[in-house]
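Make the full structure from the sequences, and use the hints.
If you read the protein sequences in the order shown, they are chains G and P. Take any residue in the first sequence, note its place counting from 1, add 1, and you have its number in the working numbering. Take any residue in the second sequence, note its place counting from 1, add 39, and you have its number in the working numbering.
If you're looking for bench data, these hints aren't it; they were derived computationally from the structure. Ideal Cβ positions, reconstructed from N, Cα and C, are used throughout, including at glycine. Hints may be right or wrong, so weigh each one.
[What the hints assert, rightly or not] Subject to a maximum C-alpha distance of 27 angstroms in a straight line, what follows is the list of computed BS3-like cross-link-like pairs (lysine-lysine):
| hint | chain 1 | residue 1 | chain 2 | residue 2 |
| --- | --- | --- | --- | --- |
| 1 | P | LYS185 | G | LYS49 |
| 2 | P | LYS154 | P | LYS185 |
| 3 | P | LYS185 | P | LYS44 |
| 4 | P | LYS196 | P | LYS185 |
| 5 | P | LYS218 | P | LYS185 |
| 6 | G | LYS49 | P | LYS154 |
[As the list claims (entries may be wrong)] Here are some of the chain P residues that sit facing chain G, going by a computed Cβ distance under 8 angstroms:
| hint | residue |
| --- | --- |
| 7 | LEU80 |
| 8 | GLU83 |
| 9 | ASN100 |
| 10 | PRO101 |
| 11 | ARG103 |
| 12 | ASP104 |
| 13 | GLU107 |
| 14 | GLN108 |
| 15 | SER111 |
| 16 | MET131 |
| 17 | ASN133 |
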Amino acid sequence: MNRLMRISYLPLADAGLLFVASAKGFDREEGLIFELRPEASWANLRDKLALGICDAAHMLAPAVVASALGLEGFHAPMIGAVALGLDGNALSLSPGLSADLHARIDGDAADPAATARAFGEIVAERAALNLPPLRLAHVFPFSSHHYQLRLWLKAGKIDPGAVRLMVTPPPLMEASMAGNYIDGFCVGEPWSILAQQAGVAEILHPCRVLAQNCPEKVLAFPRDAALAEPELPRAAARAVRRAALWGESAENRGEFCAIVAENLKFGVGAAMVSRALGWSGQGASWLRLDAEATALDGSQALFVYALMAAAGQTGASREQAALAREAFWSPGGMAPTPSLPILAAAPFDPGHWRETLAALNARPSD
Amino acid sequence: MPDDKTLRIVIVDQNPLRTAILRDGLREGGPVQVIVVDTFLDLEQRLRALDADIVLIDLENPNRDVLEQMISASGAETRPVAMFADASDAAMINAAIDAGVSAYVVDGLKKERVKNIVDLTVSRFNAFARLREELAAAQCQLADRKAIDQAKGLVMKSKTISEEQAYAMMRKVAINEGKRIAEIARSILTAAEFLR
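Here it is, written out as structure tokens:
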């Protein structure tokens, strides 16, 4: 008898491996039946997981680490059992702001330091004219989107307090841009491409140029439930990894993209998914859903923790670092070592997380 | 204490019927000022301008994450907003999430008063869900009856039998196949359409 696993998700391209695992029966091969349920917000996913309304959830990697540190919701710790991909976000600006910025770039427009310096000029000019601060949207307080915006600002030596960092739900980015409620945003697929196609935003950078191999979403379980039946998260992790392996074969790619697009709706076509994955021949991938990108371990949680501390959301201590590490389970046995996150051309060294934090301008407290 | 004054309750919901049901309930429960926000965009600025004591938001609204941001960033110029995250509130939170609503409350409100409002919200959300189910069931029944009447007419005509005989035949098939009469009626209608 296969075991039913109720999995809640947000309709985003990086829920794709869950769609593929279910459509191609990898869940059943691991003794599970995925029942996939769309949700409207990260807060809903977190709460429904904590209250047992679902068994597992597509979850922001930083939200899982935050729950382990007791910073989130009802203090119901989650664990990440497998990564649902790496990277995938992009930074976009309004067409007007983008044109202004490009006119000021001194250097390579693909270099985030060059674009951030140009952005810094605009921010300073607006402040001198007493204009309201520019509004940059991300998706949740504990999200890589939030931290990536901060990394970009840092690359231009811009004080985060000089702009307004705010939350706008991904399905509302396009309308918020069109209504002039935000000036730029960082969001995952398919929303960057959809907003650009609608003509309300221009993609400035895929976030891979700010932090490569950034842990993005994980499949999360309540920690207590995972400890009580550890074979369940591990079986789900194997099903996800098998979906990714299946997608790696060139002959399956068309079907892979079609399954993801069909589950996303919103008028997303397979070609759009293919483009984000770098399979279309139009530029490099900015979303990774390959098997290696499903590997997870404590070093990635530590990286997320460093970004979180750099954003001032928590202090920096040895105890918290240890708690963070335990929030990400290694799938055990079959998955490869995770691709290490890369910041400013240097791979993250888990043994020296304090140096990373110091480089991001936060002072460790012990 | 803000408990002694009229509470400002903001309902963030795009369903006008549900909002009306909830607003009436809240007004019956005591002195409150109810403000409805039925647009999706620019929620943070709107809420700051409204200076709410309690925000009630339906779970289908993606803007819940905006409220999460407002909780986490309660700086000097922002009003502290906290969702009751106390372990003793677990049952109340569970009932609310189950009913499809979430509540965000400023610090310092009396717990009983908050609990009364949340309980009332949960009961009105559940009442609305029942109303919707009943409506859907009634519509379904009506459609079933229409299909059965049409199929009965077809059977009567093609077999030149009485209405009672036609109904008895359909009923027998339904029992034998373990299906509802309405399903058999729809199969007859589909087949007839096909063979026309």
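Each hint, compared with the structure:
no. : hint                  : verdict
1   : P:LYS185 <-> G:LYS49  : violated, 40 angstroms
2   : P:LYS154 <-> P:LYS185 : violated, 46 angstroms
3   : P:LYS185 <-> P:LYS44  : violated, 55 angstroms
4   : P:LYS196 <-> P:LYS185 : holds, 17 angstroms
5   : P:LYS218 <-> P:LYS185 : holds, 17 angstroms
6   : G:LYS49 <-> P:LYS154  : holds, 20 angstroms
7   : LEU80                 : holds, 5 angstroms
8   : GLU83                 : holds, 6 angstroms
9   : ASN100                : holds, 6 angstroms
10  : PRO101                : holds, 3 angstroms
11  : ARG103                : holds, 4 angstroms
12  : ASP104                : holds, 5 angstroms
13  : GLU107                : holds, 5 angstroms
14  : GLN108                : holds, 4 angstroms
15  : SER111                : holds, 4 angstroms
16  : MET131                : violated, 11 angstroms
17  : ASN133                : holds, 5 angstroms
When held up to the earlier numbered hints, the structure conflicts with 1, 2, 3, 16 and fits the remainder.
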